[in-house]
Amino acid sequence: MSERVLTVEDLRVTLPVPTGNLRAVQGVSFHVDRGETLCIVGESGCGKSLTALAIMGLLPTRAERQAARLDLQGHDLTSLGERAMSDIRGNRMAMIFQEPMTSLNPAYSIGDQLQEALRRHKRLSHQDARTRAIELLDRVGITAAASRLKQYPHQLSGGLRQRVMIAMALMCQPALILADEPTTALDVTIQAQILHLLARLQREFAMGLVLITHDLGIVARIATRVVVMYAGQIVETGSASAVFSLPRHPYTRGLLACIPVPGRTRRGEPLGTIPGLVPSLVGSIAGCHFARRCPYAIDACRAAPVPLEPAGDGHQVRCIRHREFTTGMFSAPPVAVA
Amino acid sequence: MRARGNNPNGTNRGPPLLEAHNVSRTFRVSAGVLRRARTLSAVNDVSLAVRHGEVLGLVGESGCGKTTLARMLLGLLPPSSGMISIDGQPISSLGRRDVATLLQPVFQDPYSSLNPRKSVGAIITLPLRIHSAPQPATWRARVEAMMERVGLSQALYDNYPSQLSGGQRQRVAIARALINEPRMVICDEPTSALDVSVQSQILNLLQDLRRDLGLTYLLISHNLAVVEHMATRVAVMYLGRIVEEADTDQLFRAPKHPYTQALLASVLTPEPGLGIPDTHLGITYPNPLDMPSGCRFHPRCSRVMELCKRVPPHQTISESGTVECHLYGAPSPADLTGAQPWRS
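Residue numbers (the numbering used here), protein chains in the order written: chain A, 15 to 352; chain B, 27 to 370.
No wet-lab data here; the hints were simulated from the structure.
Some hints could be false.
[Said to hold, decoys possible] Per label pair, the in silico range of CB-to-CB distance: (1) Asp316/B / Ser123/A: 17 to 27 Å; (2) Ser179/B / Pro74/A: 52 to 62 Å; (3) Ala171/B / Ser123/A: 26 to 36 Å; (4) Ser118/B / Gly277/A: 37 to 47 Å.
Virtual Cβ for every residue (Gly too), placed ideally from N, Cα, C.
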């Protein structure tokens with residue numbers, strides 16, 4: 015049942031920039047089981063997208079990737095060359111990107127693009143590939159699938175394009191799907207439909223799903239487990255219910271306080287904010303990365319790197335004061351970070 | 027003018043500051059060299075009133091016409107028919123500058139709405155220059171005071187937009203909009219390009235400014251949670267029509283139009299365990315060049331009736347606003363004999 019699909023240990027991504035080395039991902043570890051949805055959430059620049067690209071082996075060439083372990087169903091991804099990686103990409107793991115218009119090739123029909131992965135990886139005949147393409151378009155809720163195969167991406171709406179992207183990712187029945195902000199470019203009603211579809215397909219195919227988003231609302235609704243990232247590090251991780259019912263890291267608490275929730279936040283009352291800016295990741299930061307913006311920071315926070323500490327039941331927090339937040343004093347909904 | 031319910035927010039119920047009367051806008055869309063141009067009806071017979079001190083939220087999916095409506099309200103695009111008035115005066119009788127002193131926009135993308143070659147100070151000073159504000163010697167002090175008011179350090183006066191974060195840029199855009207003390211600001215998706223923690227700062231700022239400067243807002247957003255937090259009234263737009271309008275409380279507590287209900291159901295609040303809602307909306311958004319017959323929403327509506335496919339619904343008065351749906355308001359006998367224009 016809980017077959018491990020992906021194990022990531024101590025993943026690091028460094029990008030050379032004019033001022034030095036930007037340490038975009040700094041020792042990220044997590045795992046994904048079959049049938050599980052892991053959400054990686056954080057704001058721009060926290061390293062969540064680069065984490066996904068590093069797993070897929072799709073980092074920009076100037077970026078440097080290091081990892082103690084990067085294991086997909088027993089395949090050690092760190093040791094694979096480009097040739098072997100491309101046997102895995104689209105086959106055992108597939109990625110869904112934010113903007114379906116730029117990730118679909120405008121010069122090829124939907125049918126050609128859907129069948130490409132199958133014919134590359136499974137060596138299916140043209141006819142079999144076509145049958146499978148129609149079946150999957152149907153599965154993602156696209157009507158008149160056979161006639162859609164001849165269409166080009168520009169002839170489809172954004173929601174339909176994203177459905178095609180999902181169908182494409184499913185073609186070879188991958189064990190793992192990485193979806194990077196799959197609904198950010200879509201309208202709210204379409205977003206709900208696409209997420210509904212992703213959640214259903216993930217169950218039906220018993221895949222592992224890694225969903226990367228900045229939207230805590232999506233995370234709460236779809237995640238089995240959550241990874242909260244800040245400035246290249248995981249600051250909190252645990253089951254969705256644990257993280258949302260009792261967020262322990264001041265950053266997670268701060269983020270939740272920023273979001274207006276109909277019926278919960280009072281209209282017109284100030285929302286929580288997180289003052290200050292994300293620190294530069296060029297060079298190293300002594301101590302907690304969030305300390306400069308944290309209302310609870312004390313001298314000890316800035317003195318030494320803060321490890322990710324267990325907080326019971328698989329919940330882990332990178333905060334030396336997290337135990338102080340677990341008492342009823344700051345129960346959900348979280349306090350506004352002044 | 028339409029009858030209106032009481033406004034529970036206690037705002038002045040004087041004459042509307044900004045009003046649209048039966049405004050429509052069509053575009054000619056060319057399909058290719060050899061094909062005949064077709065007419066796209068982006069906004070169809072919309073009436074809207076924003077009173078002093080109100081925050082009117084305008085929501086709807088992309089392509090529903092909300093930005094076209096905003097551009098008409100700003101005087102940037104003439105309506106094909108209908109009239110827009112500001113403070114009782116037709117916008118067509120006012121010059122661009124007159125409109126700009128009353129009404130200012132804040133756009134979605136602070137990366138493209140600021141001139142990258144001008145400094146922050148120059149960007150915020152520009153409206154003073156254009157309107158030949160009195161006492162040029164005081165401009166710098168006014169700009170610095172405004173920067174402080176919107177939470178920008180005065181040290182940024184000589185910086186360029188590329189040196190600023192997204193949130194800082196949006197503050198520059200707000201400062202520029204407010205420097206000439208307009209009465210109303212039209213915010214078109216003011217926070218959707220920003221991170222969550224920055225979004226809340228900008229929303230708080232907009233609330234503070236509204237209270238302190240007595241501003242009126244039209245807030246266009248696809249984020250219903252943001253609209254619920256900010257707006258006193260909400261108008262829901264679908265394919266060029268306002269299908270429901272009501273006080274915010276009313277609309278969120280008891281949405282009437284099936285489209286409003288689906289929109290509200292799509293709001294993903296951070297409440298684990300609720301799962302992803304099934305909105306029961308069909309997956310295809312209609313082509314605005316090929317408008318559905320009858321009610322425009324009928325192909326996606328979960329409560330569609332035979333009548334909806336043939337007859338466009340009339341606007342009916344609800345507790346605190348209007349709704350345009352056959353579920354509320356019986357069709358007139360004329361409706362049942364044949365298709366009628368939107369308003370007879």
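Comparing the hints with the structure gives:
1. Asp316/B / Ser123/A: 17 to 27 Å: holds (23 Å)
2. Ser179/B / Pro74/A: 52 to 62 Å: Because 34 Å falls outside the window, the suggested range is violated.
3. Ala171/B / Ser123/A: 26 to 36 Å: violated (59 Å)
4. Ser118/B / Gly277/A: 37 to 47 Å: Cβ of Ser118/B to Cβ of Gly277/A: about 42 Å, so the range 37 to 47 Å holds.
In this structure, the earlier hints numbered 2 and 3 are contradicted, and the remaining ones agree with it.
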